[in-house]
Amino acid sequence: MSARNRELATLLLAGLVASTAFASAWISGLATVDYGWLPWAALLGGIFLVAHVVARWTVPDADPTLLPLVALISAIGLVFVYRIEPGDGRRQLVWIAVGVAAFALVLFWLRYDYRVLERYKYVFGISAIVLLMLPSVPGLGQRVNGVKLWVDIGPLRFQPGEIAKIFLVIFLAGYLRDKREALARGRLKDFGPLLAIWGAAMLVLVQTSDLGSALLNFGIFLAMVYAATGRLSFVLAGLALFAGGSALLYDSLSRVQQRVTVWLQPWTDEKVHCSINGLLEYRQNCDSYQLVKSLYSIANGGYGGTGIGRGTFETVDGTPLIPYLQTDFVYSAIAQELGLIGAAAVLLLFLALVARGMRVALVAHDGFSKLLAAGLTFGFALQTFIIVGGVLRIVPLTGITLPFVSYGGSSVVSNFVMLALLLLVSHRAVRTAPT
Amino acid sequence: MNGQLIRVGWTAMALIIALIVGTTYWQTWARPGLASRQDNEIQRVAEFQVRRGLILAPGRVLAKNRIVKRNGRKLYFRRYPQGRLAVHVVGYSTVSRARAGLEKSLNGVLTGTERNLGGLVERQLDEARGKPIVGDTVVTTLDLHGQQVALQQLGRTCGAVAAIDPRDGRLLVMASSPSYNPNLVENDFGAISKITARCRPAAPLVNRASQGLYPPGSTFKVVTASAALESNRFTPASEFDDPGYCIAYGKRVNNFDTSRPFGRLSLATALKYSVNSVFCNMGKALGAKRILDQAKKFGFYERPPLETPDGERYPSGLYDKGELWYPKRNSDVDAGRMAFGQERMLVTPLQMAMVAGAIGNAGILMRPYVVDRIVSPRGTTVSKTEPERMDRPVGPVNARDIANMMVSAVQGGTGTAAQISGYRIGGKTGTAETGVAGQNTTWFIAFAGLPGKRPQVAIAVALERQSLTGGATAAPIARAVMEALLEPRANP
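In the order they appear, the protein sequences are chains A and B.
For the first sequence, our numbering begins at 1 and goes up steadily by one.
For the second sequence, our numbering begins at 1 and goes up steadily by one.
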């Protein structure tokens, strides 16, 4: 069977699973058997069929598992966003459509040779930094929940950080392919641009006080430097620099401080200073409110979960329990309603996507393609780890999106662009394979 | 480059695997701990989705459910049709202030989580079908007519009435004044905190019948008399000289009325008229520990057994600096004073009802209980409380002798206000002076039944801030409640 036919078969299987999820979310809300969920399943299925047809046309030899995996993950995400906030669910469906359009656009544009991107690596590098700084520009940037991540252009609000992440990977892939031998030998002057990136990352951290995306971008950077040079000492030095920089800035970054305190000790037996109202409160009722409520939600799932639509996300008097449930905390909703079995299954989908992405990097022939695929995949894994790990109290909680699942336009669109790039690399690797 | 890529790939996959491990931790290992945390509102919502079992008294509903639909969810809130009548036993179950009383201690039964295997399977099936879980119904032994009379009699006085059936230990009345309406707890708690009575703080939430620690005064003489007879060193006919006072630790301890010393008198007469000096001397002869060991047999030094929460029942005994205290040596305690209920002795009305009951019941102390049976939603009895003997603090002959002394106290001694024609009543008054005029704690403990039969009621009444004696204040209240319990009429 050809790669694309296998993709279609897997996609149909994913559609079956997704339809069941839609149906159960819909029916549990109404408590009667109803077919109102069918249009949703049909629309989403249609959108991914379009993606499949585009892939069949532009990248026929690409890895057949990536698209079905993304389809299933986004379907599960959509079910939960809809279940939490139906209005956001409708908008999320539109964003998935926009994402697939962007996906198609990238595939058509770069279907002959995506390696033209390498030629513009410095353009991408500089754009990445500009995009990261954009939210700090007065008048443009919007501070939401104390973090400057958003930019308003007309009626559109978007997170430039999500796009910057891809641009950064493209720049690093191009630059490191060029300089990897020199870097591996440890030629200091070649570290210039890299140190500049490090400086920029720290600057962005101070400007936006957004630890999450600083951590993400810096992690991608270190992983790619390691992949290119094979020198673990660079990674360690980079980590030391980042830790040192953060430690120096720690006192001036009250937000980061607060996140770390909450992470170390979310529950207090005595009332402590509350940074929200300045009074003395139990920390679980104040600074760590979100984290603690989300942990309760996860724990409530147990082995089997409550079932889709049957979880508890409101208090007895009907007010929402966890703020930002459909964005940062979507995983705690999934974990409660699907339980350990379901949540682990969703994480295994992510794991499969990471494994396939890394395989694409391995089979690619040239350094740029290898680094591009590896950087994108590692970024995907690290982003998942930072947000879900934050929700699970493995690392301090920083608000970034869970790829393909969290509600949010910029995130969905940029992740589809990432998928398109992976498919392009994969297709080329198979097409030009020496037989 | 592939070697590095494989290592980066493994790192990426390890990150995801760490997330699976983390999820497993929270959903299995840490789950029970998080579920039991007070601020876990998910558990709270789950509790209110359970149709709690009813709480009943014979012929009356004490607690039922009120259904509220919210966000497509059915929530069950509590409603207490009898209001303040039985609140100190029933308690409340609310969102804002958690739970108290039987609603707290029997939460597992009322929510159906404490069931045998068959019941649990049924519960799981209901859950899977999306039906509400229905808890078991609790049927209490309370006599609401007696309960009502007790609260009426107490009025604005702070105090409590506890009454049991000494033959089997059923709790008939547990009234504490001031009382409060449990229906206000959820939304109008301010109204409860504004309740006033003839004491400050009024503390309406406190169940004075089992949480009120009062000096027992002369009612403790029943315990001392039991110890005296059980020691075989005294008989009801033992003779004493009463000079009107007694010297304890070099200090004069007066009788209640020093103007009229009794001269030569028997132990039986001393109990009938509550002569302090006799008990003082007897206490010194017996020693503190012997009296305290007798008290322990009556249930002192342990929380009286009842199905209400542990925290709502206090043990009786000597208290030192707010802590229950048992002396190491006899000389640590002024036995003479303790013998007639002073010293640091503090008791609850429930405990004193148990003492009166055991004397009336031929010396057999039955374990008090308030839950008669537990009934499943389908109407089958899940469990029924079997009366259980707790101890035999006094032998049958000695019990009969003390009972006779108490009967003569009601017939012609200090407790005449408790007489009910046609019934055999034995009682003991108590007036614990606090040294401040008008601040006495007054008592009456009694048993009552048909002549020639075992008593059906044992009662203890304690009143705060009284200026008169127990015989004048507490005995009439005990009489009214006993009458209500002995002559059942139509429900209130």
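It is possible that some hints are incorrect.
To be verified - Not everything, but these chain A residues come out facing chain B in the computed CB check (under 7 Å):
#, residue
1, Y120
2, P193
3, L195
4, A196
5, I298
6, I341
7, A344
8, V363
9, L392
Keep in mind that the hints were calculated from the coordinates and are not lab data.
In this text the structure is predicted, and so the values were computed from the model without any measurement.
Just so you know, even glycine gets a beta-carbon here, dropped at the ideal spot from N, CA and C.
Violated hints - listed by number, lowest first | 1, 2, 3, 4, 6 and 8
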